[in-house]
Amino acid sequence: MEYAYVALFLLGGLAFVGATLTLNRFVTSPHRPSASKLLAYECGEPPIGEAWVQYNARYYLFAMMFVLFDVEAAFVIPWAVGFKTMSLDLGILPLLEMLIFLSLLALALVYAWRKGALEWV
Amino acid sequence: MSSELFTRVAQLVAPLSPELCLLLAALCALMTDMVGQRSVRRIRMVVWVASLAAVFCSLALMTGPLPISLFSRQPAPELELTPSSYIVDSLALSLKALIGLLTALAVWLSEDAFDEERSNAGEYYSLIAFAGLGMTVAVSANEFLTFFIAFELFSIPLYALAAIRRYRSESAEAGLKYFLAGSVSSALMLFGISWVYGSLGTTYFSEFPARFTQVASMPHALLVGVLMILAGLAFKMAAAPFHMWAPDVYEGAPPTVVAYLSSAPKAVIIGFCLRLFWADLDLESDLLRVSLADGWMLVFAVLSLLSMGLGNLMALPQVSLKRILAYSGIAQIGYLLIGVTAAGGQTATMAAGATLFYLWIYCVTNLTSWAALLACLPSDSTYQRGELAGLAQRNPFVAFVLLISFMSLAGVPPLAGFVGKFYLFRAIYAAGMPWLVVVGVVNSVISLYYYFGVLRTAYFDPPLPDSPPIRVKLGVRVVLVIGTAASLILGLWPGFALWSLETAQTLFVGR
Numbered sequence: 234m235e236y237a238y239v240a241l242f243l244l245g246g247l248a249f250v251g252a253t254l255t256l257n258r259f260v261t262s263p264h265r266p267s268a269s270k271l272l273a274y275e276c277g278e279p280p281i282g283e284a285w286v287q288y289n290a291r292y293y294l295f296a297m298m299f300v301l302f303d304v305e306a307a308f309v310i311p312w313a314v315g316f317k318t319m320s321l322d323l324g325i326l327p328l329l330e331m332l333i334f335l336s337l338l339a340l341a342l343v344y345a346w347r348k349g350a351l352e353w354v
Numbered sequence: 003m004s005s006e007l008f009t010r011v012a013q014l015v016a017p018l019s020p021e022l023c024l025l026l027a028a029l030c031a032l033m034t035d036m037v038g039q040r041s042v043r044r045i046r047m048v049v050w051v052a053s054l055a056a057v058f059c060s061l062a063l064m065t066g067p068l069p070i071s072l073f074s075r076q077p078a079p080e081l082e083l084t085p086s087s088y089i090v091d092s093l094a095l096s097l098k099a100l101i102g103l104l105t106a107l108a109v110w111l112s113e114d115a116f117d118e119e120r121s122n123a124g125e126y127y128s129l130i131a132f133a134g135l136g137m138t139v140a141v142s143a144n145e146f147l148t149f150f151i152a153f154e155l156f157s158i159p160l161y162a163l164a165a166i167r168r169y170r171s172e173s174a175e176a177g178l179k180y181f182l183a184g185s186v187s188s189a190l191m192l193f194g195i196s197w198v199y200g201s202l203g204t205t206y207f208s209e210f211p212a213r214f215t216q217v218a219s220m221p222h223a224l225l226v227g228v229l230m231i232l233a234g235l236a237f238k239m240a241a242a243p244f245h246m247w248a249p250d251v252y253e254g255a256p257p258t259v260v261a262y263l264s265s266a267p268k269a270v271i272i273g274f275c276l277r278l279f280w281a282d283l284d285l286e287s288d289l290l291r292v293s294l295a296d297g298w299m300l301v302f303a304v305l306s307l308l309s310m311g312l313g314n315l316m317a318l319p320q321v322s323l324k325r326i327l328a329y330s331g332i333a334q335i336g337y338l339l340i341g342v343t344a345a346g347g348q349t350a351t352m353a354a355g356a357t358l359f360y361l362w363i364y365c366v367t368n369l370t371s372w373a374a375l376l377a378c379l380p381s382d383s384t385y386q387r388g389e390l391a392g393l394a395q396r397n398p399f400v401a402f403v404l405l406i407s408f409m410s411l412a413g414v415p416p417l418a419g420f421v422g423k424f425y426l427f428r429a430i431y432a433a434g435m436p437w438l439v440v441v442g443v444v445n446s447v448i449s450l451y452y453y454f455g456v457l458r459t460a461y462f463d464p465p466l467p468d469s470p471p472i473r474v475k476l477g478v479r480v481v482l483v484i485g486t487a488a489s490l491i492l493g494l495w496p497g498f499a500l501w502s503l504e505t506a507q508t509l510f511v512g513r
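Sequence lines, in order, name chains A and B.
At position 39 of the first sequence the residue is numbered 272 (this note's numbering), and the sequence of numbers has no breaks.
At position 183 of the second sequence the residue is numbered 185 (this note's numbering), and the sequence of numbers has no breaks.
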């Protein structure tokens with residue numbers, strides 16, 4: 234029965250979006266295209282060339298390297314918080330496990346470095 | 003103290019040895035590639051030796067006490083059992099052995115398969131090893147999130163492998179299509195997992211039966227969740243109606259990669275279906291199974307029916323060998339799903355054993371047929387059926403391998419494929435769905451047409467003028483010999499086939 238609310242919200246959401254778009258289409262913005270209206274909007278400048286151009290997607294490599302460290306932090310912090318209780322129970326094992334994990338990540342970084350992922354071309 | 007530490011580490015490392023072999027191989031391949039000595043031969047050897055070591059470790063572990071549960075957590079206060087996220091049981095180990103074998107075969111197959119100065123060979127082999135690692139982890143997963151991580155761990159390398167000839171547009175296209183279809187399947191599955199978690203409050207498989215008794219009736223949210231997970235799995239194994247990506251991807255990706263990605267992931271998914279849907283095959287107390295069995299059996303039966311029918315009918319008009327094999331793969335998944343369906347019935351052990359048996363046969367035979375095509379067609383070939391003309395005169399050995407593996411795939415009597423299909427049909431008959439036997443047999447007859455169409459071209463058409471001579475490389479030859487021998491031995495030596503089947507069945511008793 235609780236799902237009825239979900240359905241209600243769903244219907245409400247659909248109705249709201251539908252009504253807004255329909256009103257917008259028919260009441261507030263009549264559709265009368267002209268050549269200058271159909272131009273790509275470039276803050277007042279006349280556009281230069283097509284929007285479909287090739288550009289350097291090199292930035293994603295840095296994003297991926299960031300994820301490497303992001304995941305590292307996400308794992309290391311809870312490990313550090315629980316380290317004391319863990320080492321009372323398991324001895325040196327938690328330390329070893331984290332070292333293995335960090336060395337795997339370090340290997341990935343060295344690999345990316347070696348392959349030139351850190352050079353900006 | 004130090005001896006105690008050693009024991010603890012050994013207890014953890016020994017059950018994980020197949021995974022560790024592949025992990026070390028992948029890292030070694032990466033590092034060798036990194037230091038710059040581009041010794042592809044050494045990288046290849048590391049990966050195939052490690053894959054065979056993984057096979058050996060899996061088989062050795064099977065002789066020891068099983069199952070081994072790893073990475074357990076504290077039991078929930080109201081439940082007795084200790085849930086573990088990782089289980090090393092005989093089902094997992096037998097699949098690990100299969101995956102290791104397929105990885106080794108794929109590596110042998112890849113000898114000089116692509117121009118190595120342009121594709122990074124080190125990366126190629128380490129991606130294969132990482133994919134193998136992901137699969138060996140996935141078959142042991144006893145918890146949804148572990149499975150999902152492993153699923154991604156083998157999917158992502160396979161996307162990259164499909165696009166490894168990135169300087170060729172068709173390979174890039176195949177990689178992109180595979181990636182898109184695969185991401186959809188992952189997303190569906192993850193969303194489904196969240197629904198299951200929402201309705202049962204756990205992701206641990208061993209807790210499902212107990213949780214299920216706590217909820218009074220089948221919650222709809224659980225149904226939605228499980229259906230979404232099933233859809234994600236069906237995408238990955240290219241079962242109809244989720245098969246659309248397969249022919250396009252198989253056509254564009256490098257054939258060595260296709261040989262691997264069309265066989266090994268199917269082993270993982272079929273094994274996972276057995277584990278998840280018929281979780282405790284010999285425990286009648288499993289309420290999830292008992293209360294749902296009929297419904298799920300029908301769902302699997304429909305998937306199987308659609309896969310067989312669509313796969314076989316769509317394969318008929320194809321002239322591209324890659325597309326023929328792709329649709330044949332879809333049909334074969336239908337046969338395997340017959341076994342998964344039957345595993346929900348009263349004779350679950352027999353059916354699960356037959357499924358595992360056919361899975362081994364299919365994966366090896368499928369890889370062998372790709373190897374045969376790879377051996378006899380030039381690397382810039384478009385894989386049209388006509389290019390096989392006169393193969394029997396140009397290279398009788400490859401033609402014979404093609405004959406044996408295609409006849410085995412079609413299920414012609416004296417070969418392994420027939421034995422496997424026979425046991426599958428017997429299992430589904432015993433499970434009380436004789437109509438699926440009829441469908442399966444009719445489909446086998448349909449499939450004869452296109453398999454034999456290819457063989458007719460290879461055996462009876464005269465060779466084209468100026469066909470290039472066929473030189474089969476050593477690695478490929480090894481794969482061809484192993485695959486053909488497996489098909490012949492299992493078919494012609496019923497005692498051995500029966501022994502393998504019984505071994506497969508005992509895997510499911512008293513797990």
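Fair warning: there could be bad hints in the mix.
Unchecked claim - To give an idea of the interface, some chain A residues facing chain B are shown, with a C-beta separation under 10 Å as derived from the structure:
id	residue
1	Ala240
2	Leu241
3	Phe242
4	Gly245
5	Arg265
6	Lys317
7	Leu323
8	Leu326
9	Leu329
10	Phe334
11	Leu337
12	Leu338
Please keep in mind that the hints were generated in silico from the structure rather than gathered at the bench.
Just so it is clear, CB atoms sit at the ideal spot from N, CA and C, and this is done for glycine as well.
Hint by hint, here is what the structure shows:
no., hint, result
1, Ala240, "12 Å, violated"
2, Leu241, "17 Å, violated"
3, Phe242, "16 Å, violated"
4, Gly245, "21 Å, violated"
5, Arg265, "38 Å, violated"
6, Lys317, "18 Å, violated"
7, Leu323, "8 Å, holds"
8, Leu326, "6 Å, holds"
9, Leu329, "8 Å, holds"
10, Phe334, "12 Å, violated"
11, Leu337, "8 Å, holds"
12, Leu338, "12 Å, violated"
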